[in-house]
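S.K.: So the chains spell out like this:
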Amino acid sequence: MIRLEDYAPIVGSATIDELTNLAHRLQGKVIQNINSTSVGGGVAEILTRMIPLLKQIGVDARWDVIKGNEKFFAVTKKFHNALHGVPVDVTDEEYEWFLQVNRENAEEMNFGDIVFVHDPQPIGLVEKREALGRNWVWRCHIDSSGPDKKVWKFLDKFIRKYDAAIFSAPAFAAKLPIRQILISPSIDPLADKNRPLPEAEVRKVFTQFGIDMSRPVVTQISRFDYLKDPLGVIKAYKMAKKYVDMQLVLAGGGATDDPEGPIIMEQVKEEADKDKDIFVLFLPPSSDLEINALQRGSTIVLQKSLREGFGLTVAEALWKAKPVIAGAVGGIPLQINHKHSGILTHSVEGTAHWIKQLINDPEYAKKLGINGREHIKNNYLITRHIKDYLLLFVSLFHGEDVVHLS
Amino acid sequence: MSEFRFYSKLDLTILLGKKAKNARQLLEEMKVVPDSSIYYHTHRFLHLHHYITPQLPNDFAQWAFNSLNDDVLGEQLASIDVVQHETIKELRERFIEVVGNHLGSNGNKLEAPPGEEFYFLGCQTFVFPTEHVVNDLREFLSVLEHVTINSLYHHMFDAKLRLGRGENDFSAWFRGLGKTELADEVKKLDPYAHTLEGLRKRITVAVRRYD
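So the protein sequences, as listed, match chains A and B.
Under our numbering, the first sequence has 84 at position 84, and the numbering climbs by one with no breaks.
Under our numbering, the second sequence has 465 at position 59, and the numbering climbs by one with no breaks.
Hints are computed from structural coordinates only; laboratory data are not their basis.
Only a predicted model underlies this, so the values are computations on that prediction, with no experimental measurement involved.
There's no promise every hint is true.
Which residues of chain B face chain A? A few of them, derived with a C-beta cut under 10 Å, are [to be verified]:
hint : residue
1    : Leu421
2    : Gly423
3    : Cys529
4    : Phe534
5    : Thr536
6    : Val540
7    : Asp596
Heads up, the beta-carbon is just placed ideally off N, CA and C, and yes, glycines get one too.
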């Protein structure tokens with residue numbers, strides 16, 4: 001089992017001491033996380049890693065999962081899409097069913113001192129607040145910068161009953177009468193996807209996929225989805241390849257529920273078939289080590305997204321000190337300070353230009369990677385995430401601007 | 407005043423739900439956002455990117471250059487010398503003056519593209535004591551080497567502007583020890599022109615000279 005002290009060689013023991021110091025201030029409080037699934041998805045992933053670490057420093061952190069049937073999750077899937085700005089049609093009966101399932105769960109649940117509700121599925125549990133009191137926080141893990149108005153209006157009735165709402169990026173904040181807090185997601189430097197890998201293991205993966213490590217490799221790791229713009233990546237590669245030799249790797253999971261997904265994938269495959277230097281790799285969900293190796297062995301990592309929730313693949317690549325060229329969307333500008341810790345682009349042409357520049361100037365590319373790693377170390381590792389959660393919990397008992405803790 | 411206890415601080419970032427897409431909106435919000443927001447946007451870069459010396463020392467300047475494409479306003483905002491201001495109130499007034507003058511002089515109509523609006527943030531700061539207590543300059547040096555950048559930041563930046571103590575905590579303590587020249591030297595350091603690690607080194611060098 002990973003211990004919090006295991007992170008000390010990375011972030012320094014003083015940082016770990018600060019977390020322990022904060023944790024002491026939550027003694028006697030039960031912090032109850034509630035979401036809708038114990039496996040799969042980013043929320044379950046982070047809670048699986050974070051809860052044991054919080055317990056180690058004496059925080060009574062718990063985790064409950066609400067129960068719901070297929071019909072309930074069909075409604076919440078609509079809510080999810082609606083928060084992403086997809087217009088959806090939710091019937092009155094569906095809203096009612098959503099509320100009924102939330103109420104049934106609320107009746108069966110024992111609530112902690114701080115009720116930490118993740119995403120829209122369990123949002124209605126807050127109706128219990130009137131009878132129970134306690135501190136309630138809602139954590140939105142979704143890009144809610146342009147939500148469907150009708151669904152947002154429905155959710156808003158519940159959100160305003162909480163003490164605070166947490167969002168991952170400034171653009172996701174809403175007009176709300178409650179406190180809103182910015183807490184970005186994080187990566188775990190000790191997870192398989194990010195832990196240090198021996199050079200031989202990296203080489204093995206490249207050999208397995210037939211990629212030549214002696215020539216420059218430009219890689220994008222992401223779903224084959226319109227919003228990740230794999231076709232734009234191929235265009236940029238072709239433009240840059242007129243000037244510099246390189247290979248392109250597009251690696252990721254299969255199609256999403258994006259209706260254009262299969263069409264995009266077909267076009268990507270077609271392009272790859274025409275060029276032996278383009279590698280399209282469909283990776284199963286258990287490919288963390290392969291992704292780690294592909295990122296580590298690449299010359300440049302791209303994340304040319306057109307829209308992005310947070311874009312943690314950028315943090316993953318920067319953590320490996322790779323120069324990253326990425327679209328200036330979603331949470332990516334938080335992770336990259338343009339020309340200091342990576343490159344932000346707005347077009348295919350810009351991406352092509354910077355691919356060429358960085359391949360031609362490896363010293364500058366190296367500097368970007370080093371700065372990028374430092375930035376991720378200070379701001380986007382799981383230890384910072386734990387710090388923010390601890391501060392959030394402590395803040396529920398302190399209203400002042402500057403809090404002097406004894 | 408012989409003893410110095412090192413404190414540290416941690417910040418929780420608050421979303422104010424206010425944004426600006428042009429200089430006029432920026433100005434209007436600048437007038438009303440809480441002090442913590444002005445402080446946050448003039449100091450965030452130092453903390454977030456503390457390994458590089460800031461080229462654009464505040465978020466307002468950065469936004470004017472990069473999102474508004476208003477190089478004149480960007481330059482004027484970047485040239486505001488934070489170290490010269492004793493209080494956040496003064497600092498806020500200076501920013502308001504610069505943006506106001508800029509708008510008055512050219513009736514600027516530039517707008518940031520959608521998605522690149524300026525989002526006003528603030529912070530709630532939690533200050534807490536560390537176990538490190540020192541009694542003389544030698545002990546001070548040995549501890550300074552190990553404290554987190556949060557601690558260094560608290561004593562050098564927060565103490566003066568956020569907590570209104572007039573000068574940084576280190577200079578105040580040196581002065582109490584009778585080391586007036588050292589106090590003045592550290593006070594004169596422009597903490598905004600260095601990385602936090604660079605600042606740590608400079609303070610160390612200065613203290614060694616007077617120890």
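S.K.: Hint by hint, note whether the structure agrees.
M.R.: Here is what the structure says about each hint:
About 4 Å separates the beta-carbon of Leu421(B) from the nearest beta-carbon of chain A, less than 10 Å, and the hint is met. About 5 Å separates the beta-carbon of Gly423(B) from the nearest beta-carbon of chain A, less than 10 Å, and the hint is met. Given the 10 Å rule on beta carbons, the hint for Cys529(B) holds: about 8 Å separates it from the nearest Cβ of chain A. Given the 10 Å rule on beta carbons, the hint for Phe534(B) holds: about 4 Å separates it from the nearest Cβ of chain A.
A distance limit of 10 Å between C-beta atoms decides the matter here; for Thr536(B) the minimum to chain A is near 8 Å, and the interface restraint holds. The closest approach between the C-beta of Val540(B) and any C-beta of chain A is roughly 16 Å, which is over the 10 Å cut-off, so the hint fails. Among the interface hints, the one on Asp596(B) is violated; its C-beta lies about 20 Å from the nearest C-beta in chain A, farther than the 10 Å criterion.
In summary, the structure is inconsistent with hints 6, 7 from the numbered list given earlier, while agreeing with the others.
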